[in-house]
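Novice: Each chain, letter by letter, is given below.
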Amino acid sequence: MGQSNNIRPPKYILRILRLFVKRNYLEEIEGDMEEIFQDNMKAHSKAKARRLYAWETLKLLRPIIMKKIKVSSSPNHYGMFKNHFKTSLRSLRKNLLFSGINITGLSISMAVGILMILLLSELGSFDSFHDQKDNIYRLTSSKTMFGRERNLATASIFIANELDEKASGVERVAIVRGGLTADIKTKDGGLNINGFYSSSSFFDVFSFKLKEGNPRAALADPNSIVLTESTSRMIFGRENPMGKPMTMITGSGLNDTINGMVTGILRDPPLNSHMRFEVLVSLNTLDNTSISTSSERRDFRTDPQDISLNYIYLVLNETVKKEHIESVLANIMNGINSRIETPITHLLQPLDSFVTSESSLLENLPGPSFPLNRIFLMVGLTFIVLLSACFNYTNLSLARALRRSREIGIRKVIGASRFQVFGQFIVEAVLLALIALIIGLGLFFLIKPEFLDLPNPAARGHRMFSLDMDYVHLLYFIVFAVVTGCIAGFLPSFILSKLKGNIIFNNASKIKIFSGTDLRRVLMVFQFIMSIGLIMCAVLVHKQYRFAVDYDLGYNTDQIVNISIKGDYIDLLEYEYGKIPEVEGTSKSSMVLGIGGAIMGLAESEDRNSSIRFLINEIDEKYLDMHEFEVLAGSGFLDALKENENRQHIIVNEEFLKGLDLGPPQDAIGKNIWYNNDRLRILGVVKNFVNMSLTMNLEKAFAFVQPSDSKRYTTLGVKLSGNDLVASMEKLEKGYVGLDSVHPFESTFYDSKIAETYEQHKATYNIISFLAVLAVLISTLGLMGMAVFTVESRKKEVGIRKVLGAGIGNLALLLSRGYFVMIIIAGAIAIPLSLYLVNKIVMNEFLYRTKLGIPEVLSGFLVVVVMSAITIGRQIIMAAVRNPADTLRTE
Amino acid sequence: MIFNIFTAITKEIKMKKTKLGEFEELVLLTVVVLQNEAYGVRIKKELEERLGETLSVGSIQSALKRMEQKGFLTSEFGGATRKRGGKRKRIYTASRQAHRVLGEIKEIRARLWASMPELSTL
Chain U
1 MGQSNNIRPP
11 KYILRILRLF
21 VKRNYLEEIE
31 GDMEEIFQDN
41 MKAHSKAKAR
51 RLYAWETLKL
61 LRPIIMKKIK
71 VSSSPNHYGM
81 FKNHFKTSLR
91 SLRKNLLFSG
101 INITGLSISM
111 AVGILMILLL
121 SELGSFDSFH
131 DQKDNIYRLT
141 SSKTMFGRER
151 NLATASIFIA
161 NELDEKASGV
171 ERVAIVRGGL
181 TADIKTKDGG
191 LNINGFYSSS
201 SFFDVFSFKL
211 KEGNPRAALA
221 DPNSIVLTES
231 TSRMIFGREN
241 PMGKPMTMIT
251 GSGLNDTING
261 MVTGILRDPP
271 LNSHMRFEVL
281 VSLNTLDNTS
291 ISTSSERRDF
301 RTDPQDISLN
311 YIYLVLNETV
321 KKEHIESVLA
331 NIMNGINSRI
341 ETPITHLLQP
351 LDSFVTSESS
361 LLENLPGPSF
371 PLNRIFLMVG
381 LTFIVLLSAC
391 FNYTNLSLAR
401 ALRRSREIGI
411 RKVIGASRFQ
421 VFGQFIVEAV
431 LLALIALIIG
441 LGLFFLIKPE
451 FLDLPNPAAR
461 GHRMFSLDMD
471 YVHLLYFIVF
481 AVVTGCIAGF
491 LPSFILSKLK
501 GNIIFNNASK
511 IKIFSGTDLR
521 RVLMVFQFIM
531 SIGLIMCAVL
541 VHKQYRFAVD
551 YDLGYNTDQI
561 VNISIKGDYI
571 DLLEYEYGKI
581 PEVEGTSKSS
591 MVLGIGGAIM
601 GLAESEDRNS
611 SIRFLINEID
621 EKYLDMHEFE
631 VLAGSGFLDA
641 LKENENRQHI
651 IVNEEFLKGL
661 DLGPPQDAIG
671 KNIWYNNDRL
681 RILGVVKNFV
691 NMSLTMNLEK
701 AFAFVQPSDS
711 KRYTTLGVKL
721 SGNDLVASME
731 KLEKGYVGLD
741 SVHPFESTFY
751 DSKIAETYEQ
761 HKATYNIISF
771 LAVLAVLIST
781 LGLMGMAVFT
791 VESRKKEVGI
801 RKVLGAGIGN
811 LALLLSRGYF
821 VMIIIAGAIA
831 IPLSLYLVNK
841 IVMNEFLYRT
851 KLGIPEVLSG
861 FLVVVVMSAI
871 TIGRQIIMAA
881 VRNPADTLRT
891 E
Chain H
1001 MIFNIFTAIT
1011 KEIKMKKTKL
1021 GEFEELVLLT
1031 VVVLQNEAYG
1041 VRIKKELEER
1051 LGETLSVGSI
1061 QSALKRMEQK
1071 GFLTSEFGGA
1081 TRKRGGKRKR
1091 IYTASRQAHR
1101 VLGEIKEIRA
1111 RLWASMPELS
1121 TL
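Line by line, the protein sequences give chains U and H. All the letters of the first sequence, read from the start, carry residue numbers 1 to 891 under this note's numbering. All the letters of the second sequence, read from the start, carry residue numbers 1001 to 1122 under this note's numbering.
Because the hints were derived from the structure by calculation, they are not lab data. Incorrect hints may appear among the rest.
[Unchecked claim] No farther apart than 27 Å at their CA atoms in a straight line, the calculated lysine-lysine pairs in the DSSO-like style are these: (1) Lys22(U) with Lys1065(H); (2) Lys68(U) with Lys1019(H); (3) Lys68(U) with Lys1106(H); (4) Lys1019(H) with Lys48(U); (5) Lys1083(H) with Lys42(U); (6) Lys622(U) with Lys700(U); (7) Lys1019(H) with Lys59(U); (8) Lys1045(H) with Lys11(U).
Please model the complete structure; the sequences and the hints are all you need to start from.
Specialist: This is the structure we're talking about:
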């Protein structure tokens, strides 16, 4: 019962009260509550009064008393939207330059984005036409071969059978064996087709449709042939080939003949199949020993080490886990691995990763591959381009913020909520993005054919993608555009909506240029970093690529073209070529150096105490001279082997000597080694040279021998003289066609062959440089816009300075100083970052790296500086030259 | 927006069913009785005394506001006092419509009471 007049009701509760009570009722209710509070203070303790106050406040929470919840479902939504739409269009039209820059940047991003979306969508749909796609797996093998761990997409038939027997949960097994390349005689001549040998369960696993023939029986009997529709048309024309006989000549050296019968016609495998083929032959055809003479070994069904040719596909029961089968595999292999030299590990690969597995990690793929890391690279770069465009938009919008402050002020005064102002600017950004989408679609159709032509070595002449558009994709694109608009417009809208109406009108001088100058600077620096970085990466990758191609291999490759021979006519052809004047020389070999193909051999020292693995090439007596190998001791082969003569000599390289401890080259001549149960005398020693492509580990030891049979030569090397290579090539082709009417004339120059190996790196380089150009273009546009704006807004300042006596040089320096500081900062960050990234990601694949000089390192930086100088410079000169009287007139 | 629709519909239903709830009737009667002194706190105290139980400010206020919306009450600002922290009170007055309805109800009740059988046997 004390003085109650000075004590107020609890402050925070009162605040809550004021929050929810309707404004009309507030005075009365607040007054009532206070009166009651004071009464309670008299009747009870202070604490109780406060408690009662809180309690009563709580009980005041009734709908009729509470403020109406302000849901923005004001019935005028449509009207507001129309207004925003119109305002946006008007604003876009008024600032044509800025709108143009933004639209250009965004259109380019849209085009690239569309490409990415279609690409990813197509990749995701690979092999999706198989009914059992969720349960199809492929057996992979890992084995240490030639000193390196190799991962293959193939396995042995042995393990497939073991698995079929011993593992429960494996419902179906299809064995698809590669290496089928056959010559067919047709009415018009002959042609060569590629495909697989396959077990009859092929159609139980895969959902390829048979147009004619019974899927259960088509591959059941030996000598059964299934053709794809287009292949059948090539061979049989319009006739129905079902039941007709067909003769195929296969095998290396084309020694094997299959007299088969056509048992099925397959609809052409769709483009999104990981397996590409023209013909299927029943697997049991190979059981006929009279057919498989040289290439296929007799025990291909039972040898657990025959893991390079067979694709083993499994259909697992839904309830079975992949790990379970893998452990069964490990158990089986445990026993086997104890008996063989290097252990083999088998794992399962699910269908959805067939195409995206990295080709450098998984070899022997049966069709196209598009490894995940390259996909990530492209998506990442696309994202950078997109960011560039978004930064432009943000920058330019913020710069112009001041111009729109009056409009914003009026809107707020009339009653727009902050959210509505925010929404207006987002609408503007999204609208711009949608316009850009339309233009981007147009751009996309322009670049689509270019992209589809990108070479992919694993696709062997087939196109990788079709990039068809579906209505669903249109939806994706629209969503993409809207999201881009929201991202690009978010920052400007956020900042602009913060402007307070009364401040604009009352106190114009107090408006801070918070239009985020610091933020804008950061964004610009970012753009510069991206541009510098991308250019640098492109330059570095290109340099490495050229370096790899030009690397001194240790032998001469100029003007030498390699012709692949697929018949028994190499001596004849050599003789024919000898008549052509442009041909300086010819030589035969079984292997082309520098590409990466390998024939391995095992050699032992004379006392059989040590042995090494080495790579071997069978050559004739002219080979070493033609390629200008450096012979350190002894000589090359002197004569060709006669009809039944056994080989007696071998020519080795320095590494070979080291491996068998044979001493220095001079001393090694005359020593003997064992190879293939032949005792061979070392006739000569050559200097070490590069054999495998520079991306794989070099196999060090190498040797040349003479072949036991001239049929083993697969390549005729021809050294051409003179400059008119095209004419010479035509003569070579004519000579070839005269002797071989079945196979197309395949010739490659060493340079192009080596370059082909780097095709995939080249493709990567092309993509990087393309996207780099885009990003730089967009940044430059943005820079130009900023420059225009800055100069515009400072024109009065420039005018005054001019009047006070500043020269053009001074003015130029003043206006551009800020930009160059930003570029230098960007360079300081971008250069080390790019170097690090390129080293880590790209260079890792190369053993021999090019040296990086100052020009490469500064390349990106210099390009950006020059582009900036041009864009800013022009603006500055224009401003500096302007007559100050004009700009100051309105003061 | 949905909430507003909801309240509007329930109001419609309420209006159709009963014109005046029991509590509302009591509050209305109290307003008539208190004449010039009919404002929130006073109404509350009066009713509490007559009913012999405590009422919350919320219930009184919501009844008053509802009836004002229905048209049974009018109100205008009265004087402010120090006790109320300088806030004015609202004085409520029953409308002619309210008087009529009260009369009707009283009439109905009276007749019902008259038709009641002798209570002595209960």
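Novice: None of the hints should be skipped; say for each whether it holds.
Specialist: Do the hints match the structure? See the list:
no. : hint                     : verdict
1   : Lys22(U) with Lys1065(H) : holds, 11 Å
2   : Lys68(U) with Lys1019(H) : holds, 25 Å
3   : Lys68(U) with Lys1106(H) : violated, 36 Å
4   : Lys1019(H) with Lys48(U) : violated, 38 Å
5   : Lys1083(H) with Lys42(U) : holds, 12 Å
6   : Lys622(U) with Lys700(U) : holds, 23 Å
7   : Lys1019(H) with Lys59(U) : holds, 24 Å
8   : Lys1045(H) with Lys11(U) : holds, 25 Å
The structure fails hints 3 and 4 (numbered hints given earlier, in ascending order).
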